[in-house]
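Novice: Take a look at the letters that make up each chain.
There are 2 protein chains.
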Amino acid sequence: MKIAVDAMGGDNAPAVVVEGVERARDRFADVEFDLYGDSKLVQPLINDSTRINLIETTEVIEMGEEPVRAIRKKKDSSIVRAATAVKEGQADAFFSAGNTGAILAAGLFIVGRIKGIDRPGLTSILPIAKPGSDRKNFVYLDSGANAEIKEKNMLQFAELGRFYAENVLQVENPRVALLNNGAEEDKGDRLHKEVHQQLKAEEDLNFVGNVEASELLAGKADVIVSDGWTANAALKATEGTAKMVLLLIKNGIENGGLRAKLGYLFLKPVFKKIAKLMGTSTYGGAVLLGLKAPVVKTHGSTDALAVENTIAQIRTMISSGVIEKTVKYFGQVQSEESMDKPDKN
Amino acid sequence: MKIAVDAMGGDNAPAVVVEGVERARDRFADVEFDLYGDSKLVQPLINDSTRINLIETTEVIEMGEEPVRAIRKKKDSSIVRAATAVKEGQADAFFSAGNTGAILAAGLFIVGRIKGIDRPGLTSILPIAKPGSDRKNFVYLDSGANAEIKEKNMLQFAELGRFYAENVLQVENPRVALLNNGAEEDKGDRLHKEVHQQLKAEEDLNFVGNVEASELLAGKADVIVSDGWTANAALKATEGTAKMVLLLIKNGIENGGLRAKLGYLFLKPVFKKIAKLMGTSTYGGAVLLGLKAPVVKTHGSTDALAVENTIAQIRTMISSGVIEKTVKYFGQVQSEESMDKPDKN
Numbered sequence: 015m016k017i018a019v020d021a022m023g024g025d026n027a028p029a030v031v032v033e034g035v036e037r038a039r040d041r042f043a044d045v046e047f048d049l050y051g052d053s054k055l056v057q058p059l060i061n062d063s064t065r066i067n068l069i070e071t072t073e074v075i076e077m078g079e080e081p082v083r084a085i086r087k088k089k090d091s092s093i094v095r096a097a098t099a100v101k102e103g104q105a106d107a108f109f110s111a112g113n114t115g116a117i118l119a120a121g122l123f124i125v126g127r128i129k130g131i132d133r134p135g136l137t138s139i140l141p142i143a144k145p146g147s148d149r150k151n152f153v154y155l156d157s158g159a160n161a162e163i164k165e166k167n168m169l170q171f172a173e174l175g176r177f178y179a180e181n182v183l184q185v186e187n188p189r190v191a192l193l194n195n196g197a198e199e200d201k202g203d204r205l206h207k208e209v210h211q212q213l214k215a216e217e218d219l220n221f222v223g224n225v226e227a228s229e230l231l232a233g234k235a236d237v238i239v240s241d242g243w244t245a246n247a248a249l250k251a252t253e254g255t256a257k258m259v260l261l262l263i264k265n266g267i268e269n270g271g272l273r274a275k276l277g278y279l280f281l282k283p284v285f286k287k288i289a290k291l292m293g294t295s296t297y298g299g300a301v302l303l304g305l306k307a308p309v310v311k312t313h314g315s316t317d318a319l320a321v322e323n324t325i326a327q328i329r330t331m332i333s334s335g336v337i338e339k340t341v342k343y344f345g346q347v348q349s350e351e352s353m354d355k356p357d358k359n
Numbered sequence: 015m016k017i018a019v020d021a022m023g024g025d026n027a028p029a030v031v032v033e034g035v036e037r038a039r040d041r042f043a044d045v046e047f048d049l050y051g052d053s054k055l056v057q058p059l060i061n062d063s064t065r066i067n068l069i070e071t072t073e074v075i076e077m078g079e080e081p082v083r084a085i086r087k088k089k090d091s092s093i094v095r096a097a098t099a100v101k102e103g104q105a106d107a108f109f110s111a112g113n114t115g116a117i118l119a120a121g122l123f124i125v126g127r128i129k130g131i132d133r134p135g136l137t138s139i140l141p142i143a144k145p146g147s148d149r150k151n152f153v154y155l156d157s158g159a160n161a162e163i164k165e166k167n168m169l170q171f172a173e174l175g176r177f178y179a180e181n182v183l184q185v186e187n188p189r190v191a192l193l194n195n196g197a198e199e200d201k202g203d204r205l206h207k208e209v210h211q212q213l214k215a216e217e218d219l220n221f222v223g224n225v226e227a228s229e230l231l232a233g234k235a236d237v238i239v240s241d242g243w244t245a246n247a248a249l250k251a252t253e254g255t256a257k258m259v260l261l262l263i264k265n266g267i268e269n270g271g272l273r274a275k276l277g278y279l280f281l282k283p284v285f286k287k288i289a290k291l292m293g294t295s296t297y298g299g300a301v302l303l304g305l306k307a308p309v310v311k312t313h314g315s316t317d318a319l320a321v322e323n324t325i326a327q328i329r330t331m332i333s334s335g336v337i338e339k340t341v342k343y344f345g346q347v348q349s350e351e352s353m354d355k356p357d358k359n
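So the sequences go chain by chain: A and B. Residue numbering for the first sequence follows the working numbering, beginning at 15 and increasing consecutively. Residue numbering for the second sequence follows the working numbering, beginning at 15 and increasing consecutively.
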């Protein structure tokens, strides 16, 4: 399999991208890489070019640029070229740590949606932080901060998340939940009440009801579906608070004298484990689900470990055939629907 | 001043309510209490009836009841009777730890809105959890999980929050921010973009821009305004994550052998400080701002300390004259608006 990599995306690119790619290449003998970028900058960073091809591009989409305009104008940018390679079948997946909006736009407009999907969902793989939980992580979508979402988008997210959990995380009959402002089924605004009922009615889904934002990481489900707006607020608050509590502890230790510093030494393994659990490097990148190929991003401040882990994730996506299974499912749903309503389409 | 107290509300009522009231009575010589409840249950709990009057009621609104129906049907419930006493001027404020929906409904339909306020805002006083911050807490509204909110509601929340911060928290020229999905002013859906512009245009507000859910407790503002839906998700995620991180640490200590237990002993003061900072007992209750009198609730699982602190907060609300100042401001805004548009109303 071959992955098209934007070598220029991210705060520490191309260095950490190349380092992560080399680590993944050493780990997986079945993966080949096409690196899109400025060869003057990228070439000197490559230690061993086994299964790494460098493809020259002359433009870079910067972090602050307006995404849609950028992908239209900068045809020779590393993002546009790598996405185009996937569209044309020269690579199996697209990876970048660059401008999020531009990656999403390139995925949507260049790689393209699966037939039957109205809107792709930005999907994060998050840790389950409940002590003693069997499962280590879960699927969370849409975290793209999209406002003005419709019921059918959220139902499609549920199916997309289910396919991902089954095939990539290897969860049998994944539990699907709806992020809502209360546990009971009559909670929520009109949209969330309606989506709850529709998810419940969906026979092929193992719908387990609502989860509240307070229990995001509590392991109540393998897939948590949300509108992009609420998902973004809940995820940011969760990440921000975890960091803040650890910062308060750190501050307490620094100002707590010798006694606190001794305590820190003794508790160091505990803190390290929690920092690893909550760390963004461990779980790979965010996937734009609902596209014809894996389109995966990591955050701009990514390190080589996160790049390596994200490539491992992309490799599992490709080898599991999750996209093909999703295409087949939505193709069937579409043809059933067009049989039900022959006057439509 | 006199506070009408629902003695029957809360998981541990009437015991913790009576205990908290007695503690507050001992602390504040200028406060008198009317306790509404079942005298057979409440009377035996009162150690000293100085400035505590017991008023017999025969009904209780339970936690699970449909709020609006309950306050209409149970005319002799402790909630309805206490709220009615405030409406009729027999008490200056209403306090309960009971059914949240019923307290809000009693506030809205019995105590009544200030003229010029379209919708009251459920207001929490939250801790600032940034090490070294000058200020200890901030005003957060609307956290009532109300969906389908309008621009004008959020503008009114900003003014209500400003009056509260100025008068009750004694913050000079309080910084007001909007909870949004990005820091830049062009972020957000249509509603949040529009509210941002209107807050910016409001001359009497010290508007400092957007804050993200990741920075809810970071002390970026003295008042954070939000639609009820997003506010609820961000607050729940923040509280849930703080608890979860502390639980992970606890679990790590329990499973970390002697070394971890020693570490815990040394770090105990640090953990205690953080638990106190994040604890719900410290900051008093949630206020339904925009009503003609203070209507304040604490969570159902409240303890006597939270009851005592909430009464301290109500006392400051009454003595600061925050309600009177708010009434005056919105009265002026209304008469200015009716001069601007003489054909309206």
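Because the hints were derived from the structure by calculation, they are not lab data. Hints may contain errors.
What the hints assert, rightly or not - Chain A residues, not near chain B, derived (Cβ > 12 angstroms throughout):
#1 E199
#2 G277
#3 L279
#4 S333
Stated by the list, open to error - Pulled a few chain B residues facing chain A out of the computed Cβ check, cut under 10 angstroms:
#5 I60
#6 D62
#7 L193
#8 D203
#9 V259
Beta carbons are placed, not taken as given, at the ideal position from N, Cα and C, and that holds for glycine.
Novice: Against each hint, give a clear statement of whether it holds in the structure.
Specialist: Here is what the structure says about each hint:
Interface exclusion of E199 of chain A from chain B stands, the closest Cβ pair being 14 angstroms apart, more than 12 angstroms. In this structure G277 of chain A is not separated from chain B by more than 12 angstroms, as the shortest Cβ-Cβ distance comes to only about 3 angstroms. The Cβ of L279 of chain A does not lie farther than 12 angstroms from every Cβ of chain B; its closest approach is about 7 angstroms, which violates its non-interface assignment. Every C-beta of chain B lies more than 12 angstroms from that of S333 of chain A, the closest at about 33 angstroms, which supports listing it as non-interface.
Taken as an interface hint, I60 of chain B does not check out: its beta carbon lies about 36 angstroms from the nearest beta carbon of chain A, beyond 10 angstroms. Among the interface hints, the one on D62 of chain B is violated; its C-beta lies about 39 angstroms from the nearest C-beta in chain A, farther than the 10 angstroms criterion. Taking 10 angstroms as the C-beta contact cut-off toward chain A, the hint placing L193 of chain B at the interface holds, the least distance being around 8 angstroms. Here the hint on D203 of chain B is kept, as its CB sits about 3 angstroms from the closest CB of chain A, short of 10 angstroms.
Given the 10 angstroms rule on beta carbons, the hint for V259 of chain B holds: about 4 angstroms separates it from the nearest Cβ of chain A.
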